[in-house]
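From first to last, the protein sequence lines are chains C and V.
Residue numbers for the first sequence, in the working numbering: 448 to 804.
Residue numbers for the second sequence, in the working numbering: 171 to 538.
One thing to keep in mind: the hints can contain errors.
Just so you have them, the derived chain C footprint on chain V, three or more residues with Cβ under 8 Å [claimed, not checked]:
no.	segment
1	185-191
2	200-214
3	245-256
Simulated DEER-style distance windows between Cβ atoms [claimed, not checked]:
no.	chain 1	residue 1	chain 2	residue 2	range
4	C	Phe657	V	Ser520	34 to 40 Å
5	V	Val467	C	Glu704	22 to 28 Å
6	V	Gly287	C	Lys645	45 to 51 Å
7	V	Asp453	C	Asp696	50 to 56 Å
8	V	Pro207	C	Phe502	29 to 35 Å
9	V	Tyr393	C	Glu458	42 to 48 Å
10	C	Arg487	V	Ser522	31 to 37 Å
11	V	Asp312	C	Lys645	37 to 43 Å
12	C	Phe657	V	Asp312	41 to 47 Å
13	C	Leu510	V	Asn206	54 to 60 Å
14	C	Gly475	V	Gly287	18 to 24 Å
15	C	Leu510	V	Ser522	36 to 42 Å
The hints are simulated quantities; they were obtained by calculation from the structure and are not laboratory data.
From the three backbone atoms N, C-alpha and C, an ideal C-beta is built for every residue, glycine too.
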Amino acid sequence: MNTLNEQQLNELQTDLDAIRDEVLADLGERDATHIRNMVRLHRKLEIGGRVLMPFGFIPPVFLAATASLGLAKILENMEIGHNVMHGQYDWMNDPSLNSQTYEWDTACSSESWRRTHNFEHHTYTNVIGKDRDYGYAVLRLSNDEPWRPRHTFQVLNYAALSVLFQWGVALHELEAEKLSNGKSHLKEKRAFLKLAAKKAGRQAFKDYIFFPALTLPVAPIVLAGNAGANLIRNLWSSTVIFCGHFTQDAETFTEEEAEGESKGHWYLRQLTGSSNFTGGKWLHIMSGHLSFQIEHHVFPDLPAHRYPEISEKVQTVCRKHGIHYNTGSFAKQYGTVLKRILRYSLPERITRRPAVA
Amino acid sequence: MLATITRSKAAHWLGRQLLNREDPKAFFDPLTTAINPMWVQQYTPARVERITEETADTKTFVLKPARRWGGFQAGQHLNVRIDINGVRHTRTFSLSSSPALWEDNGLITLTVKRLPGGLVTNWLHDELKSGDVIGLTEAFGDFLIPNGKKPVLFIAGGSGITPILSQLDTMAREQYPEPITLLYYVRTPSDVIGEQRLTTLKNRYPTFSLHIITTHENATPRYLSDQDLDSVPNLANREIFLCGPKGLMDLATEKLGQRGLKDEQLHSTFFAPPAPVRLSSSDTGGEVTFSASNLSVDSTGDTNLLEIAEAAGLSPQHGCRMGICHQCTCRKTSGTVVNRLTGQVSGAGSESVQLCISVPQGPVALAL
């Protein structure tokens, strides 16, 4: 990890806090308009997809309906739900955009998400053993984790995780790996399981029972289209998230490094443990601005559509402190993610070469 | 009836399943309100029909709420919801029209005085135009006219006249059988709100006596005096309604108490942010733990929990910031708080508190 002394860390904190304060002082109509436009677009896409789907026996309509519903889910999960639940719009005092009450269109309940994502992942980012998002307990992505034979074909696990991403996220809090090695018991997870079953059941009921049944003569088409929309969302969100932390240069940390750290050190860890990818306005929106993962991790509760303009300032701060700002094209960043998954499927003695991680 | 309830429950259940929200109807708001803002479901909308000037700093807003709005009783108030620069604000105002206007014409009025430095009152005066749509809650409040068996004395100050205008209209309409007296305190004659309505009532109903008293026409202010009260016949038997600035309310309560009037005879309602009880800063303040946010901060003096939470970077839901609208109500899991309006000290256990008027007394934990 990049080493800065205590004074440099304090200076880093001051510099980043200044960027944050400037945005906070400027929050207003512009941000409210942005999120409301996103919500309106989501309603159009979702209603459009649902209405068109029964006419999916015409192939182009099927594609349009599935794409529309898939985009609706992506927009709702990434640009609206994820960001609203971070409290990015709590200052608006609008109950429908409140972080504590918002419920999103995916199998994972918002309550569970706020615990595992907002708290665990954003606090212990890339700390091996503490941040369970790092490899989702099924992938070995760093030599800090000991190699096991089961890691050899982890690329298949990765493919399965991507396809079923919403269900993986929904069961994340179950901590299945701790259940199997006896570190935790199913009994302790009863409350979580009840909550998870309720939310996941609701999602499955909607997409796989209610809407197909509503249009019975064409039920298989609606079922297939809804499954397709969920698949599009699963693949895209998992890809975006993997590009945020598992690229080649994204650093990992040990528990000792993060123990009792200062705010400045936390900032440094967020800067070096995250990675961005470049693209146009709509690529950023469709990734919930997680294409600015670095900015998101430094300022998780600032409205995400501000990240592009903050990015310039964050890069200036990084240059000043000699911190690597990890960005590149989507294809390049994703390529390094795949490489990382493949590389760490093998034990360290085989892959050893000048340090990367 | 039962079928309707069952049906609406089923619809609600289905809405929750399909749309992931407690108010499924509001799911369509972003689309419907783009066509017509009166179609909003998240709150009750009301269109501004016209705006009239009462005095130099007071305007009356004539509003047409959506038909689903539940109506009100004279003397009640409601919360108004508006967005200013992206932020939703809630403020409580008294209804100044009589319920008959709502029942007959579907209209209500709010009479609002500009507060110096007030964000919402100034916005209403400067930005709100006829044709605009604002949000309303249902009416609430227990400042209600008696059922006609007793003579009544109203004591109003400044814009505290607003709920009383509604009450006087209603009582006149219902031919209230007992004498009614109004002592109305204003700074100067040009500050009288609803002058025409009051004069009309006085001319039409001999049982209504009107006394407008100006307080700031001379170098020494002329506040509520014993002579004012002596001039009210049969004072001891009257039901008394107070609405005005705190100074007037306190003075009236004190003088009426000295004359042996019972607490049950006195009715008062809010009018402006009540001046906080002076809390001794030595025993207030303390560590506040926001358990859901995993955050702990220290506080000193009489800073309230809402301000403490905001200073700690949290954005709890809130409304009036003066203890009226209950938008900021939140679960306190442990610790003692002082109500800054009443000075009352809470128990130490788990209970709901209004953040904006609760000041910690020692360590406090909140489910926030």
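Checked hints:
1. 185-191: holds (count 5)
2. 200-214: This one holds; 4 residues, not fewer than the three required, reach chain C with a Cβ under 8 Å.
3. 245-256: It holds: at least three residues are needed, and the segment 245-256 of chain V offers 3 whose Cβ sits within less than 8 Å of chain C.
4. C/Phe657 - V/Ser520: 34 to 40 Å: holds (39 Å)
5. V/Val467 - C/Glu704: 22 to 28 Å: Taking Cβ atoms as reference, valine 467 of chain V and glutamate 704 of chain C lie about 27 Å apart, which means the hint holds.
6. V/Gly287 - C/Lys645: 45 to 51 Å: holds (48 Å)
7. V/Asp453 - C/Asp696: 50 to 56 Å: holds (55 Å)
8. V/Pro207 - C/Phe502: 29 to 35 Å: holds (32 Å)
9. V/Tyr393 - C/Glu458: 42 to 48 Å: Distance hint for tyrosine 393 of chain V, glutamate 458 of chain C is violated at roughly 59 Å.
10. C/Arg487 - V/Ser522: 31 to 37 Å: holds (35 Å)
11. V/Asp312 - C/Lys645: 37 to 43 Å: With a Cβ separation near 40 Å, aspartate 312 of chain V and lysine 645 of chain C satisfy 37 to 43 Å, so the hint holds.
12. C/Phe657 - V/Asp312: 41 to 47 Å: Because 45 Å falls inside the window, the suggested range holds.
13. C/Leu510 - V/Asn206: 54 to 60 Å: violated (34 Å)
14. C/Gly475 - V/Gly287: 18 to 24 Å: The hinted range 18 to 24 Å holds for glycine 475 of chain C and glycine 287 of chain V, with Cβ atoms some 19 Å apart.
15. C/Leu510 - V/Ser522: 36 to 42 Å: Given a distance of about 52 Å, which is not inside 36 to 42 Å, the answer is violated.
Violated hints, listed in ascending order, are 9, 13 and 15; each of the other numbered hints is respected by the structure.
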